[in-house]
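Start from chain D and add chain A according to the hints.
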Amino acid sequence: MFEIYCPHCQEYREEEEFHASGEAHISRPLDPDNCTDEEWAQFLYFRKNPRGVHHELWVHAAGCRKFFNITRDTQTYEIKETYKVGEQPTVTE
Amino acid sequence: MTQQNRLQSGGRIERNKPLTFSYNGKHYKGFEGDTLASAMLANGIDVVGRSFKYSRPRGIVAAGPEEPNAVLQLGATEATQVPNVRATQQELFDGLVSNATNGWPNADMDLMGYVGKVGGRMMPPGFYYKTFMYPQSMWESYEKFIRKAAGLGRSPLENDPDTYDHLNQHADVMIVGAGPAGLSAALQAARSGARVLIADEQSEFGGSLLHSNELIDDKPAAQWVEETVAQLSKFSNVVMLPRSTVNGYHDHNFLTIHERCTDHIADKAPAGQVRQRLHRVRAKWVILATGAHERPLVFGHNDVPGVMVASAVSVYINRYAVAPGKELVLMTTNDGAYQTALDWAAAGRKVTAIVDTRANPQGDLVDAARAQGLNIITGSAVIDVQGSKRVSGVSVASIAEDGSRVTGSIQRLSCDTVASSGGWSPVIHLSCHTGSRPKWSDDVIGFLPGDTVQKQLTAGSINGEFGLKGCLAEGTRAGAQAAINAGFEADADAVPASAADVKTGPAMALFHIPHSQPTSRAPKQFVDFQNDVTAAGIELATREGFESIEHVKRYTAMGFGTDQGKLGNINGMAIAAKSLNQSIPETGTTIFRPNYTPITFGAIAGRHCGELFDPKRYSAMHKWHLENGAKFEDVGQWKRPWYFPKAGESMQDALNRECQATRESVGILDASTLGKIDIQGKDAREFLGRVYTNAWAKLAVGKCRYGLMCGEDGMVFDDGVTSCLGENHFLMTTTTGGAARVLEWLELYHQTEWPELEVYFNTVTDQWATLTVSGPNSRKLISELTDDIDLDRDSFKFMDWREGTVAGVPARIFRISFTGELSYEINVQANYGLHVWEKLFEAGEKYNLTPYGTETMHILRAEKGFIIAGQDTDGSVHPFDLGMGWCVAQKKPFSYIGKRGMAREDCVRPNRKQLVGLKTKDPQVVIPEGAQAVNDPNQPIPMTMLGHVTSSYYSACLGHSIAMGFVRDGLNRMGDTVYYPLADGTVIEAEICSPIFLDPKGERQNV
Chain D
1 MFEIYCPHCQ EYREEEEFHA SGEAHISRPL DPDNCTDEEW AQFLYFRKNP
51 RGVHHELWVH AAGCRKFFNI TRDTQTYEIK ETYKVGEQPT VTE
Chain A
1 MTQQNRLQSG GRIERNKPLT FSYNGKHYKG FEGDTLASAM LANGIDVVGR
51 SFKYSRPRGI VAAGPEEPNA VLQLGATEAT QVPNVRATQQ ELFDGLVSNA
101 TNGWPNADMD LMGYVGKVGG RMMPPGFYYK TFMYPQSMWE SYEKFIRKAA
151 GLGRSPLEND PDTYDHLNQH ADVMIVGAGP AGLSAALQAA RSGARVLIAD
201 EQSEFGGSLL HSNELIDDKP AAQWVEETVA QLSKFSNVVM LPRSTVNGYH
251 DHNFLTIHER CTDHIADKAP AGQVRQRLHR VRAKWVILAT GAHERPLVFG
301 HNDVPGVMVA SAVSVYINRY AVAPGKELVL MTTNDGAYQT ALDWAAAGRK
351 VTAIVDTRAN PQGDLVDAAR AQGLNIITGS AVIDVQGSKR VSGVSVASIA
401 EDGSRVTGSI QRLSCDTVAS SGGWSPVIHL SCHTGSRPKW SDDVIGFLPG
451 DTVQKQLTAG SINGEFGLKG CLAEGTRAGA QAAINAGFEA DADAVPASAA
501 DVKTGPAMAL FHIPHSQPTS RAPKQFVDFQ NDVTAAGIEL ATREGFESIE
551 HVKRYTAMGF GTDQGKLGNI NGMAIAAKSL NQSIPETGTT IFRPNYTPIT
601 FGAIAGRHCG ELFDPKRYSA MHKWHLENGA KFEDVGQWKR PWYFPKAGES
651 MQDALNRECQ ATRESVGILD ASTLGKIDIQ GKDAREFLGR VYTNAWAKLA
701 VGKCRYGLMC GEDGMVFDDG VTSCLGENHF LMTTTTGGAA RVLEWLELYH
751 QTEWPELEVY FNTVTDQWAT LTVSGPNSRK LISELTDDID LDRDSFKFMD
801 WREGTVAGVP ARIFRISFTG ELSYEINVQA NYGLHVWEKL FEAGEKYNLT
851 PYGTETMHIL RAEKGFIIAG QDTDGSVHPF DLGMGWCVAQ KKPFSYIGKR
901 GMAREDCVRP NRKQLVGLKT KDPQVVIPEG AQAVNDPNQP IPMTMLGHVT
951 SSYYSACLGH SIAMGFVRDG LNRMGDTVYY PLADGTVIEA EICSPIFLDP
1001 KGERQNV
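Same order as they appear, the protein sequences are chains D and A.
Residue numbers for the first sequence, in my numbering: 1 to 93.
Residue numbers for the second sequence, in my numbering: 1 to 1007.
This is chain D alone, in the form it adopts within the complex (with noise of 0.2 Å):
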């Protein structure tokens, strides 16, 4: 079970608080009705799924209710960071 820093209330809290909601920076087009349907799809259902450095959105759902970013080590399951939504991650592999 990790422990989870949370950069909102800056605290380690117990992963049984937050939530895992995917793939971090995966943004939304800003002009979806020019999007193809492939680049809707992209945008839908393409998701990285590395060994190894990871950047995941997650939200910590009985706490703050606020999103932020991990970088997450899939193998080791390392958290080598967390950061705020719209902060670029400093761990990159």
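Hint data in this document are derived by calculation from the structure and do not stem from the laboratory.
Since no wrong hints were added, every one of them can be taken at face value.
Covered by chain D, per the in silico footprint, the following chain A stretches (three or more residues, Cβ under 8 Å):
(1) 249-262
(2) 745-753
(3) 892-901
Below, simulated DMTMM-like cross-link-like pairs (lysine to aspartate or glutamate); rule was C-alpha separation at most 25 Å, straight line:
(4) A:K455 / D:E3
(5) A:K284 / A:D251
(6) D:K66 / A:E756
(7) A:K639 / A:E627
(8) A:K284 / D:E3
(9) D:K84 / A:E712
(10) A:K913 / A:E712
(11) A:K891 / A:D713
(12) A:K891 / D:E38
(13) D:K48 / D:E93
(14) A:K439 / D:D73
(15) A:K623 / A:E838
(16) A:K639 / A:D678
(17) A:K839 / A:D790
(18) A:K698 / D:D33
(19) D:K66 / D:E87
(20) A:K780 / A:E838
(21) A:K623 / A:D766
(22) A:K892 / A:E727
(23) D:K66 / A:D251
(24) A:K899 / D:E39
(25) A:K284 / D:E81
(26) A:K455 / D:E81
(27) A:K891 / D:E39
(28) D:K48 / A:D251
(29) D:K84 / A:D683
(30) D:K48 / A:D713
(31) A:K864 / A:D999
(32) A:K864 / A:D922
(33) D:K84 / A:E747
(34) A:K899 / A:E747
Glycine residues also receive a C-beta, built at the ideal position from the N, C-alpha and C atoms.
What follows is chain A alone, placed relative to chain D:
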């Protein structure tokens, strides 16, 4: 019964506290301080069970958690039955009742043994896969036979009367194991002020020191333990947990500890005492000081009772004052086991021979044995054991220097006990739990903990440091280091307690003792006692093509028992490696997973059972529902009234009555469970327009609107009515089950996509009670309870809401309808809910005000063709599939969620499954929900399926059944007939129609 194997003096038992226990119905005596195993050995009980496959008699071989044979059924009453207890870890208490878990008619005289003898050759590895696979229909019969033969214990037939707790712990330094290394570490960490947690599976701290003859700081080791524990207990920052097995080591230094609070007195525990605790520990740093398990050697008939692991013999002599026999033959590959021969001799028993596989052993302990004149036979091995229910002798032969073959003639020695040692395997189980791959060491002749990402240190025998002096030093160093790493000041150069430097000669890497016959023809050489896996079986598996050690494990069942291969796995891997002509590191090891030792379901569940299994949510009117005989339905965690049967009514009777009363006069529904989200902010309106498919720009204050919510894929996921409370203030309702999901969805889009919008969300579900009053008399009824809300049909219109007082309390009334009738939803502060509800019933008696539950609500809405998100939708239907295109805006400036998704090629193609009404040809027949439509019921299977029925009821108001369901291209097939073939072979014929069965013009809600 006398304790014929009990020594006259010594041991840590309390001779003035005799205890009585029973095994297989016979009564025996032991002492306080005994384990069940030591007491059984003291009483000369040789056979403690029968083996899994061959039904061979088996005796106690070890003294700890690695024991594979002495796995017993415990419990004096039916409710307190505990299966598969290792006798080596069960403390003895007065009145303990134990039984062998297998053997028929009993373990000592087992008829299955004859089957084993005859059938043994016919039961090679993979026997179960090869034999019991076909025909599949017979599996249920096979299973019963196999389960009985498997000989594992049975679970109690009555409810567990005990309570179990979970306890969350935080530690700066968590130390696993309280032997010499763990205790040394604890002392250093404690002095730093760090919060220290130290746990050990045994009843008292000390680990191997509890049976050691060595001196620490010139004192007997046990005295050092006592003083160290006394010292630790003075620290307020130290928590000591004996009888506590650290069973799992999970990510981010999360550990689970299984503490057995009363198992050592079991049935005798005082009432109300917690039996076991599961500690959930989050530690800054962890020190694994888990020690090592001695490996037995693999040789012919090495499973005859009386064959034991060398160190276990020492444990029984030194700790429990039990010499488990009269004449000992010790076989060893290393110096350490000589101690067992010395202990045996010191107990006044005869050491027949020390058989050392090494040609020229040298070391302090070897010298000590020589000095005592013990008979040492070097360069030799015990290749076979005689005896059936107890060892009667051994065959000894000289072997090649590399241990590969027998070189000399066989001599027979008479003895009743054989102790063997193939060296020590570090207890790396916990270090493996977090995904670390163990590393083989040729020096240690064992696997060591591998690299890890955990904040973890290791100390003592787990590192292959088997000497006492080294363990004390490593523990001292690790304790200080862990404290420093956790941010405390500690003395990194602290001086460890002193112990003698024992010189040892090199050990021999030997696992499998050769026989004069090839392995396949030699007497059975057991590797895994619990699963009857032999050296020959492993060799056969590799010959049959199983090369991966994981496959060999699964094919032979090695390590599958309750002992999880603690004793035999390394030997098995070594044999597989040799058979595959590989080194052990090339072959690798199987990975240990949690839990280290079996854990009870009780400890896992803790208090999360019965009433506390899951929270229950009740509305403010729950008490009334109970008093009025409601039947309840679970909706998420909510308990919702399902229907309100009167005396003598069937469910259908009650539904018919509730439906008709509502349509003819007035009914009332407790709708408090609907999700309610309060939305405020200057951009609230804009936000609604982006998350709903329809338009919100012009919704005026005082008005309500129904909205559909879709995902980015265009598929409907929730719906509900949202009301405009103020220019920047809205109240959104969601489905009961979807409330939390919708709130998270709104937050997701606000926080990640549109943070520039000024809008705030909060759940107010629990703050409001919602009373839905529906039916032609609803206006008349409510008007009796309010004098400040004008209910006039022209001023308070359909889809309006008003604020005022109802029954004397502040209220919001929403004129919305899920029944198609004139209908008002009264919202009051939750704690006024019951009051208003009761006032409505006082005034409503003359109108026959009738309470109805969720089932009548479902029927009433289905008569009107209203969908329920989650019942009539499943994530694969968009609004047009539901015939709800009217709820999809085309001209909103912002491309709202769902718009692009439902415009995808597949979403706009013809021939999609669409929601339609279904009228059965026989009006009394109700189609089962989930039934599949077909065009031709005579088409051979597999038939072409057109879509399923989502909602189906009998409508008393209409006098016939009604249904909604998906049919391919259904909206263009009005009037067509489709067929529903059922599992029982019958076919229901139905006509496709509009899903609005009642009042298609919507006149009833506008009266």
